[in-house]
Each structure stands twice: as C-alpha cells, then as structure tokens.
Amino acid sequence: MSSSRGRLRGLAGRLLIELYPEHWRARYRAEMSALIEDDPPGLRGLASLLGGAADAHLRPGSAAVSPQARMRLSISGMFAAWIALSVVGAGFQKATEEAAFSSAADRHPALAVAHDAILAGAVLGAAAIALGGLPLLWQALRQARVTRDARLAGLLALAPLSILVFAGLTWLAVALAPARGGGFPLGFVLGALAPWILAGLACAATCAIAPRLVLARVAVSPGSLRRAFLAGVALTLAMTLITAALLAYDVALGLQSPDLFARAGGPIGAGTGTMLAAGVLAAALCTALALLSAARARRCPAA
Amino acid sequence: MAAKLQDLGRWSDPAVLVLSSLAGGEKHGYAMVGDIQEMAGVHLGPGTLYGALSRLEEQGLIRALAAEGRRRPYRITAAGSRALGEQLTTIAAVADTGLRRLRASGGVA
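Top to bottom, those sequences are chains F and P. The opening position of the first sequence corresponds to residue 1 in this note's numbering, with each subsequent residue numbered one higher. The opening position of the second sequence corresponds to residue 1 in this note's numbering, with each subsequent residue numbered one higher.
Worth flagging that the hints you see were computed from the coordinates, not collected in a lab. Among the hints, a few may not be true.
[Claimed, not checked] Derived SDA-like pairs (lysine to any residue); straight-line CA-CA distance at most 20 Å: (1) K27(P) <-> K94(F); (2) K27(P) <-> S33(F); (3) K94(F) <-> R70(F); (4) K27(P) <-> R27(F); (5) K94(F) <-> A34(F).
Required output: the full structure, derived from the provided sequences and hints.
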C-alpha cells in the first residue's frame, strides 16, 4: 500500500470514528485513533468501523449513557430517520411526476389510495416535526445567541449549508446534462451524475447527523424532551404508513399499469418499478431505524 | 462462565481471540491485532476489535490499564481467564470429537 493511500485510509478511519456515539468517543477515540495510525485500515477495516459505529448506537446496554442522554439519542435517531426518508420521498416524487402516473391513478383507485396515503404520511410527519422539532430548534438558536457558542452556531448552520451546496450541485448537474433519450451517456453518469448522487447522500447524512450533534449540546427541559419524543413517535407512525403505502403503490403499479412499471425512468436506465422497489427497501430501513430508536426511548424514565 | 462469552453472540469469536491474546500478557490494540494475526491468521478490524473490547470490559473479563500516551493496554481478569478456559475446553472437545469422527469415516488421515 502506498503511503498516500495509507494516509487516506487513516483519514477515512478517523472520520468514521466520529460516527460513534459521544460516550464511546470519549472513552475509546484516542486509542482507536492510535491503532488506525499504527495500522491504517483497508476496506474491510473501514467496513468494521462503520458496522461498529452502527452497533454502538443500537446496543442498548451501555451503562455510560444516562437516561436523558439516551432519550436525546433516541429522539435524534427518529428525526434522522425521517430526514433520510424524506430523500426517499423526493425520489418517489421525481419518479412519478409525469402526467402518465396521474392518469394511471385516475384509472386505478388502488394507485390513488396508495399515493394519498403517502401524502397523508408526509403531512403527519411535517406536523410532528413542526410541533416537536421546531421548539428544540428555537431553544438551540436562543442558546447559541445567548451563550455565544460558536460551535453550536456552526452545527446549526451545517444542515442548511449542506442543502445549499447540494442545491448548487443540482443546478450544475442539470446545466451540464445532455439531452436524454432513454438514458444518460456513461461519461455523464460517471463524471456528474454519480458525484451528484454521492453529494446527495452526503447532504442527507449531514442533515441526519447535525440535529443529533445539536441536541447533544442544547439544554432542553424535560417537557420539551417529552414533546419531542411524542413527535418522534408520530414520525415513526408516519414512516410506517409511508413505507406500507410505497410498497402498495409499487405492487399496484406492477399489477395495474405494467407499461409504466417497466418503463426506463431511472438515472441509469432502470425501470420505474425497480427504482420504486429500491425506495421501498430504503424506506423500510429508515422505518426500522426509527422503530429501534423509539424502543430505546421507551426504556427511559422520562418517556 | 463460558455462557458469558456465548452471550456475546456474533462478538464471541473476536472475544475469544482477544482473550487468547491477552492470556499471553497485557497488550494494547495494535499489539493485539498483530498477535491475533500471528496466532489465528485473522486480521481484526478496528471496529470489530473495539466492539469486542468494550463488551469484555463491561462483563469484567478484561480490565483497562493506565494509558501509555494514546495507547491503553488491557489485561485479562481472573473471570476472563476462567471464561476463556471453559470456552477453549468446549472448543477442544468439539474439535476432538469432530476429528475422531472424520478419521473413522476416512475423511482425514
């Protein structure tokens, strides 16, 4: 392995350590960083860090986490899952925006019902975010202003900035996109579309992680935490509804409108049905994360 | 006590490797990785190693010693030695039986 590649993997390893929960980093970060310095991880090593971070978040036992800290982690987990699901929702909207899908829904009630259920879930989720999340955001903004906490202010700016950057990249990708006829040329896919998709995932990850980091720094009253938890439960219900409705829509589309189902609509020429199935899978993963987070919060006395 | 290791589920294999390494004396992370590679031909990733270390520490099977700079050595506890002994005895019994049966069926020389 060349030394530059070793340095790159060492850097990637140190970044992945940042995905571990705060109590874990406080305990193990120095020695894990030293190990990574001594033995820069390969791809398997990086995968083990990623799996280890997920495990550390999901493992219930850790005595190092106070009930209130666990409650905050659970709430931010549910909110993060919602943000990730929003990306799936945007993909669904994009995949079904053509008039042909509206016409199909007019002809086939099952499609219309599934579509309406997705919208209902989105409205329920937005309402939950407004009732449970916005008060927390307000408290964080106030604390950043009163205490002049630059790090908190930076964390608060992180998600909007990442969205702005992604919006700029989207504008650039659209401007560079050649005229399409069934699929993009490989050069555009590799040079612009793949980086754009990666940037979108990075933006979603930033939007999911930033609220968690903010919540860990903000002084929140038990009442606000309780309201945020209830909002998180409502979000989880909305996510369950949306996932079920996405599945129903995909199945109904396949049964009732096979031409639309099979039509190549994805960025790499994949069929609409395949794209929607991938969306259902991603939504199910987000919902599973939210359910796990909700279960963890239920074990806290404050819940 | 061996049940303690089996309670670790998919982490029990790395845990046995870590305990076996520490049975030879206290070590920090990098030394453990090298020792395990030499002993078992397995290269534990950092996430796997520290996942196992945290569980073993929570169960009182190993103990973290004072840090030496950024490196922190670990030592196997008496409970860890007992748990490892029982686990390895079970593994050895399974290996003996399996090998005997394979020989009887002509599977190995």
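These are the hints, each one checked on the structure:
1. Restraint check for K27(P) and K94(F): the C-alpha separation of about 54 Å exceeds 20 Å, so the hint is violated.
2. For the hint pairing K27(P) with S33(F), the CA-to-CA distance comes to about 16 Å; that is within 20 Å, so the pair holds.
3. The straight-line distance between the Cα atoms of K94(F) and R70(F) is roughly 36 Å, outside the 20 Å bound, and the hint therefore fails.
4. At roughly 17 Å between alpha-carbon atoms, K27(P) and R27(F) fall within 20 Å of each other, so this suggested pair holds.
5. Proximity of K94(F) to A34(F) is assessed by CA-CA distance (about 45 Å); at most 20 Å being required, the pair is judged violated.
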